[in-house]
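Fit chain B to the known structure of chain A by using the hints.
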Amino acid sequence: MQVEVRVFATLRQYLPDLGIGEAKVMDVPEGTTFAQLRDMLGLPADEVKIIMRNGIHVEPDDVVQDGDRIAFIPAVAGG
Amino acid sequence: MTRKILRINMTDLTATYEDIPEKWAKWAGRGLTSAIVFDEVDPTCHPLGPNNKLVIAPGWVSGTPAAPSNGRTSFGGKSPLTGTIKESNSGGLSSQKIAKLGIAAIIIEGQPKDGKWYYLFINKDGVKFEDASDLLGKGMEEVDRIMWERYDHKPAVIGIGPVGEILAANAGISVNDPENNPGRYAGRGGLGAVMGARHVKAIVVDDKGGPGVEIKDMALFKKGRKKLTNAILAHDLTKPGGGLNAYGTDVLMNIINEAGGLPTRNFSSGQFEGAAKISGEMIAEMVEKRKAGMTGHACHPGCVIQCSNIYPGPDGSIIASPIEYETAFALGANCGIDDLDFVAMMTKECNDLGLDTIEMGNTIAVAMDGGLLEFGDKEGALALFDEIRNNTPLGRILANGVEATAQMFGVHRVPTVKGQSMPAYEPRAIKGIGFTYATSTMGADHTSGYTIAPEIAGVGGKVDPMTYEGKADLSLAFQATTAFIDSSGYCLFIAFPILDIAEGFEGMVESVAGVMGWDLKAEDVVELGKEVLKMERLFNERAGFTNLDDRLPEFMRYEPLPPHNVVWDVPDEELDKVYAWVHED
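Quick mapping for you: the protein sequence lines, in order, are chains A and B.
Just so we're on the same page, our numbering is the position in the first sequence counted from 1, plus 705.
Just so we're on the same page, our numbering is the position in the second sequence counted from 1, plus 599.
For reference, chain A alone in the conformation it holds in the complex (with noise of 0.2 Å):
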């Protein structure tokens, strides 16, 4: 299945490849959580405080569905 993933901010270091705001488009297995992916692309998970699915928070262990649009998001906060 096929899922769509942006990384932020003092992520981006680990997808070098990724202009800003843009998405990389993965095949990913049926079952594959959050965290796995994560681990997949080479983020360190202590630099991940925020997972998204389609705008809403998503925990490490809840498994990605097809079509997700899915951003991970290191610490940020400000105004």
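Below, simulated EDC-like cross-link-like pairs (lysine to aspartate or glutamate); rule was C-alpha separation at most 16 Å, straight line:
1. B:Lys1061 / A:Glu764
2. A:Lys754 / B:Asp1063
3. A:Lys754 / B:Asp1099
Covered stretches of chain A, going by a simulated chain B footprint (3 or more residues, C-beta under 8 Å):
4. 717-728
5. 746-758
6. 771-780
Incomplete in silico selection of chain A near chain B, CB under 10 Å:
7. Arg711
8. Phe713
9. Ala714
10. Ile761
11. His762
12. Gly783
Derived from the structure by calculation, the hints contain no laboratory data.
In this text, all values refer to a predicted model and were calculated from it rather than measured experimentally.
For each residue, glycine too, the CB sits at the ideal point set by N, CA and C.
This is chain B only, laid out in the frame that chain A set:
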């Protein structure tokens, strides 16, 4: 030496140094500006009339040696934009210099009988009232430059641009930064017009030879300072090279967009297809590509977070400083504009003319909604600043903010609470911040109770942004803690590390206790903050505000917000819980 109140009477052109009365003795920063406004300003007065006052106060730790990020100044008065009490808070050079002169607060009252304009020069020897007629009509870039030419020691320059002179409701107060740029603003709520109504164009503060800040318990202060600094330097968000330092507050652009909470095209969508182009990552890329400007800029001396930036143009010249998330949202996404250079050029205009960037961007967005321009028309948007600079009738309408403009252009989608327009978080998609917008004593204001930290960023806990259960308590806790931090002189951004690192929170409390000679505990923070909120709330009640003013605009109840297609579904009774305690205690 004991802190003094400096009272400046513009009617008599006199300045007096007064002992702090007992009732104000514990306060500084926002606590002090709100206490003074509460005691001395008639809540029913006209904000631009003779009976309003402008109060300026550094915080408890402002100007102390090496307390991290301690350079925030509170500006208070009755707001011409909202009609409520107002505390607007700025970085820049002013806070530490006022504090080092031994001044707890400057109260500016009265109006010159001769109708002339003045600027004030304040140093260790006292106050001079100087003729400002040669400064009238000048933007803040020029005013700052002139003052640094005229005076030694790189003084703080607090000033108003041309829109403050015409007493426009969106006039902010500028404070110069360490490079003497006018980008640090007590922007919200029109306090620039309150300063203008006193015919004060600028206040120049030179702290050379001043007595410095008295610290009652140096050992406790140093212990607290160290713990707080360590927490800031350890937290992923605020450490060197962390999110704020590397990308500035605009690091939020892509994230809030991803969450579906980025107000776009006058609050008609929560996602903007051009978000990446106006994001903090793009600011950093432009700085690198154009080999000019900088990220990691400090807005005041001694800041360890350094989240500001200086944005360069294509030819390597500097356009503006800083580009904040709020700026990029208001002048970018909310106007449908995805060009960072244009966002920067409009920011430069705001900083020079003396306009709050949030209110200004939202004003352009409302005007676009009303048909003045197409959404996305960046050239047209930039040209509107000429209308303001030339003081045309259209320019005067725009300089008075969102509600004035919405009325002139027949727009029903008016994203305001108590007359002040909303910052960069959509309350339909992030409910807790809606509680803060609705109930804050300041009108719609994100900084007064930043529930975004746990709702979106997972800082200080994690809660679901889409639900409203528990959000009244959450918003109140943030509003109270914020009122304390706004009184401290610390930058509000220290909240992020200390919400996650308990020792940092202790350190903040100990550093304040050390300065004041108090026995202060962590649990006292919320109680002191609530005392500030209560004064502000009671002022507003006496000005005629009721719980019916604690509501979000009607359109948010029936216009679903893409992409989550949610409306504001929070019952009014939930909102009324936030301040129910004011008359119960």
